[in-house]
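Asks: Single-letter residue listing:
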Amino acid sequence: MYIGLQHYLILSALLFSIGLYGALAKKNAIVILICIELMLNAVNVAMVGFSRFVVPAQLTGQVFALFIMVVAAAEVAVGVAIIMSLYRHRETIDATKVDLLKW
Amino acid sequence: MEVEKPVESRCFDLQTELDRTEGANTEVLKAKSIAPIPDPDEWLEKSLERNILLTTVDTLVDWARRSALWTVICFPACCAFEFIATAGPRFDISRFGMEIIRASPRQADLMITAGTLTWKMAPQVRRIYDQMAEPKWVIAMGACGCSGGIFASSYSVVPGYNRIVPVDVYVPGCPPRPEALLYGVRMLQNKIAREHVDIKLPFPLTGTKKEG
Amino acid sequence: MSSYLNQMLLQHEASVRVPPDWPGGYWFHWLFFTVVIIAFVLTIVMGFIYFERRALGRIQSRLGPNRTGPFGLLQPVADAIKVLLKEDIIPDKADKLVHWLAPIVAFFPVMLIFAVIPFQNGAMLVDLDIGILYIMAVSSVSTIGIFMAGWSSGNKYSLLGAMRAVASVVSYEIPLVLSIIGVILLSGSLSMNQIVIAQNIPFILLQPLGFLLFFISGCAEINRSPFDMLEADSEIVAGFHTEYSGMKFAMFYLVEYAEALAMSAIIATLFLGGWRGPVLPPWLWFIIKIFVVFFLMIWTRSTLPRVRIDQLMALAWKGLFPLALINLFITGVEVLLWPAGLPWLAVLINIVIMVVLLLLWSRFFKLGWGRVEI
Amino acid sequence: MKFERYGIGIARGMMVTFKHLFRHPTVSQYPEQRLNMSRRTRGNELIWNNVKCTGCVTCAKSCPQGAIHIETTVDPATNKYNVLKIEVDTGYCIQCGLCVEACPYEAIYMGYSVERAKYRRGELVQANEMLLASPDRPASGYMNPHIARELPRQTLLVEKIVEKR
Amino acid sequence: MTVSLSGTEVAKQIASQFPEAIAESSNQAVVVKTEYLLKVAEFLKNSPDFDFNYLNDMTAADYYDYFEVVFQLSSLNLNHKLMLKTRCYERLKPAVPSVCCLWRGAELMEREIYDLMGITFTGHPNLKRIVLWEGFQGHPLRKDYL
Amino acid sequence: MGLAIAFWILAIVAIAGALGVVLLKNVFRAALSLILCLLAVAGLFITLSADFLAAVQILIYVGAISVLIILAIMLTREVTQGSPSGRFRIPAFIVAVLFFAVVAYAMVNTNWQIATAPPLEPTTAALAGKLFGEKGFILPLEIASVLLLAAILGAIVLVREK
Amino acid sequence: MTIKTEPFVINFGPAHPSTHGVFRMRVVLDGEVVLDLEPVYGYLHRGIEKLAEQRTYTGIIPLTDRLDYLAAMSNNLAHCIAVEKLAGIKVPERAEYLRVILAELQRLCSHLIAVGAFLNDSGAFMTPILYMLREREKILDLFEMLSGQRLTYNDMRPGGVSQDAPEEFLPALHKFVDQMPRYLDEYDQLLAKNEILLARSKGVGILSKELAINSSASGPVLRASGVKWDIRKAEPYSIYDRFEFEIPTGTAGDCYDRYLVRMLEMRQSVRIIEQAMKQFPSGEYRSRVPKLIRPPVGEVYSRIEAPKGELAFYIVSDSSIAPYRYHIRGTSLINLTALRDMIVGWKVADLIVIFGSIDICMGEVDR
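Protein chains in written order, with my numbering: chain A, 1 to 103; chain B, 1 to 212; chain C, 1 to 374; chain D, 1 to 165; chain E, 1 to 146; chain F, 1 to 162; chain G, 1 to 367.
One chain only, chain A, in its complex shape:
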């Protein structure tokens, strides 16, 4: 059975959708962060898939994936910092309760 680009793309889309659902539906800020990580990861799969199947000799997609990882790391650092800060001031990390735009 042949595994081609479309397999990877569908998988990527599926992961992305799951992440999207989680990011939209969950109340816990950390879980939202986790779901965003999941979405970024899904994109990575697609990137590497493209790189492998469309331009196998150039690795452009892998470079993009690397950049995405950098972005993810930065995002997690800031995200966790925000959650910490939020928790310190509001004693909650329920995203739905943080709608006053101030703390």
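For the record, the hints were derived by calculation from the structure and aren't laboratory data.
Quantities reported herein were computed from a predicted structural model and do not represent experimental measurements.
Among the clues, some could well be false.
Said to hold, decoys possible - Below, computed lysine to any residue pairings styled on SDA-like, alpha-carbon distance capped at 25 Å:
1) E:K81 to G:K175
2) D:K19 to C:L212
3) E:K93 to G:V316
4) G:K85 to G:Y324
5) D:K118 to B:P135
6) G:K175 to D:K118
The hints should help you fit chains B, C, D, E, F and G onto chain A, whose structure is shown.
Replies: Chains B, C, D, E, F and G alone, transformed into the frame defined by chain A:
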């Protein structure tokens, strides 16, 4: 980096609820343990027939168990320092592979009850004993461990550890010299050497539940 | 399309390079080394346990185990049998599934590390091009296991130990990786075997500062004393494995020493010239070097008090991290200066640089005075 | 410029532990090598001399524990006490030696042996004949200099370990 | 050498400040009335002649018809010491003012006396049983405890 | 054939992990489930002959990001509360399904230009050339590093004691 | 950076590796920082004061052995001095010297354990305490030679010591005194200047001078806070006025000072023993004292400088063979008064170090 300043308010002030429940536990245990728990000594009579029936597995496992007795930390009083001296450079209990003193009862095999046991401490000792994983042994070290010793007539002292936990070997002395303790340990090793191993499951996947 | 698949598969298999002088095929190689690695790890771990207890005994002016078997050599065996046959307790408060999974999660990555460690020229499970990166990646996974153990036990001491583990591992990964980069610059390859081959001068001489940093952060990474925060006996009982008994505890015990073995092996490979050495067969050299490194660990363990968790973090961020960066920079400059390989002169220069840097750092950051870290 | 920085303190400490690697360990391997205990060792038992004992019960009175039980009858012929039963619980005795000190007739001694561990609590209680001296139960020289003189000289760690530096 | 202050001499000086405070005085000790205890203690601690900045010990004894609380005071600067006593004639609910506010060291000693002798110290920050468990019947150091 | 088996196993594990993230009530377990998913994705990278990327994936995602997230979970102690779904559960579900449908439709019906050239292996040196070499991504790389620096600074500022 | 987290309660002890017995601390932690602490005593309360009321003055001596079981000789000495004061018993010269030697040896012994346990608590894996145990064994040998026991000596009696020193005692003591300073040097070399130890203990757990005095701390804890107060100098009991020695004091009152004061005190003890050995007279070792002492009606508060601080006995006699009231000033207990002030605000790891630096003995805390 600044360490947080000491808080002004005390979190514990006059919080006696915890004390009361613990005191009640003590009273319950005190009421329960009037008579000593009989010594686990049935094996002494059976020893002869056992010797013939010892299987290879028994020998191997008993050898392993008696060569690696890890002690749990339960050192209330004076005898603790004779135990430490035993572990120290002159008597060196590590020759028997016993120098690993596990602070966590779950990983220990042997409880050396070094010191006077008071009723206030008794529930804790019982709990340590309960938390130890099978197989487990107890050496009552010193006069206080055997009978309460010099403090036996006191209002707050348990007359002997065998009221609280079953004791395998009694080592008299106040405190016993390291030689005496080592002798007791070797007696316990002899006892373990004659034990019949009862392995229920080689790979206990579920495990038994114990009170956390 | 099927031709494409065949092509790809062929390429994939070719990519996992079988050493040229190795008899037998790919699968035989695979199987043989899997068995060898498992046996090696288990035996050496037992040897480590025995060696540590005896060496500690001698350092502490006593004897150590000498009753069980000849010279007490069977002591670890007895320990192992005993621990494996002990009752297995799962506390009521525990998260059962995670509690059960934790030792496995902690155990496997450690075994995986040994896949890329060369015992001889080319004698390894797989000579990955990204060998050292792979080691770093895999070894970071076992932290998860430790954390799972601490969290799932439902015991506060375990939790404290787990928190400490995570905090320290997050900080120490950075100097660990940074101090390796100097080695990689010198050898020009990520593959462990290539690194060994490149060591005409052992890298401990060319990278003395790198070695020091790697040793310290390695000790912290695998929680050897003086950085054994997460199972600090005198503070938090047994740390993350307080609630473990029986076989699972044995696994953690194994992991602890297997990590030490892995770290010793990595240090021996990266800095001490791996299997290279005169007269003796290469694998013996390798094992000797491992034991030398492990003796260093025992030695520090027996002497030094434990540092506090905030001092540990401060050491990582204020001491090791900048030093690792400087080391990287200096190594880069040296590689540019001598593109054909570093001469012996560089050894002297590097040692001088290390001493100067250490003195400077000790002056910048006052040791002592509790609240002022490092 | 203080020299306790720069890791020199650590290095010095490491040297001390390293030196110990090559020193002779202090251990006496117990079951095979035994230390000579002090001549005045108060071992974990009491030795009773039924010849010298007059049954005056001074020992039982002076015992802070009350660990010695003596039952006596009066022999009408000689008008002396006759010891019917003397019982000592070794698990209760704390080896303070006050009974030995108090005995006016030197009829009770501390034992010299310490290896008296038992599997059963009941076996720790010794009575009458079990208390007599025998080769297995040598008496110690506590408060009895004449016995002490015959006992072996005590092994001293001070004499065993002399390291030159 | 620590000078042991004569009780009668000290009693005179105390009497000049608080005329009714002294119940009894001997060469060894000064016995003050319970209600004046805090004042006298404060005077002894703060007056430059005495400067009793160090509370050595504090204990109580049961004499059947009264409890005696004994303070051992000393001055680290002047190197003298004094035995101060107070008596408490109540048997069922004996109470003595706490000197914790003057000497922190009294905190545990008072708790211990409360536990073993059953004397309540009014004004103690955390008066509860110290060595025995909650729910223990009686106070063991009283003479009527068997 | 081996590749196909590997792909299916890894894909199923990845999806299971992802589902675990959104379905598990216990936040800690959700994070563990994320780790599982990430590991599976790293495996997928290997099947795509991106070995360097796989190692980096494990190093960064599993070794750093997940641990950081777990640390956050621990520090906020929201484990017991679980991860309840908000009011938008059903709309979110619809959105996600719609998104998946549209994207999948697009993916299946697009004619991708599949190259038949063999993939580059090992990728490490090639990636380095791509990043730092001529006509490479050196400028984006610099920007990314600045971004990282900014993120670190931002994080420190955010959680600093006032 | 402190992340605000929910504080949680954790129990240290009673069976914890570094609580020196069965001490228990309920600690409120915020992450790693100690927010509050409540010591729970009494897990070794054996009612010694009550038991003593039913025993003769000689019969109490075994009880005092088990008070501070790390310094049984000092306890014996304190008890005997108290009884001698109460009953007006004279002690012969030789016994006085022997007592001083024993008390100082006991101080060495106790400080060795204190320092070793402190270093062990700070995480030096067993090594220092095992070295110190080796030295302690040498002292125990001497004690054993004299009294026949290793830990609970029951050696002193009102009016002297129970037995005279055997002839091999002085040569052995001589050897020990010769060796000891070199070993002390070695311990200094081992860890005193160790950077990690400095970082762990300097400035940690500061007990200010005022608080130390006010909370009745005594012994090395008081002296480390900078108070030059030693009962051996302030109120020389026995024959301490005949010896030359110094009182080492600290400056900051932190853990490191407490450690250092103990190390220095050991050297002073060796000095005292050397002097006492030179002056060691011959003669009676025990004055004639009736077997059952019946002191006259009265009370006495007699204190000595035990290794852990001021050890005092308050004895009320009603002229019977047993004391009417027998009170022990538990040095360790009173040194613990300021424990909370010293620990709160520090980290868990510091908690252990600070607690270890106070050097308590549970037998004396709970009695």
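Asks: The structure should be examined with respect to each hint, and the outcome stated for every one.
Replies: Hints versus structure:
For the given pair, K81 (chain E) sits about 41 Å from K175 (chain G) by alpha-carbon distance, which is inconsistent with the 25 Å threshold. A hinted pair counts as satisfied when its Cα atoms are at most 25 Å apart, and K19 (chain D) with L212 (chain C) qualifies at roughly 23 Å. The hinted pair formed by K93 (chain E) and V316 (chain G) meets the criterion: a straight-line CA distance of about 24 Å does not exceed 25 Å. Restraint check for K85 (chain G) and Y324 (chain G): the C-alpha separation of about 16 Å stays at or below 25 Å, so the hint holds.
Using a Cα cut-off of 25 Å, the hinted pair K118 (chain D) and P135 (chain B) holds, with the two alpha carbons roughly 20 Å apart. Note on K175 (chain G) and K118 (chain D): the hinted pairing is violated, with a Cα-Cα distance of about 39 Å set against a maximum of 25 Å.
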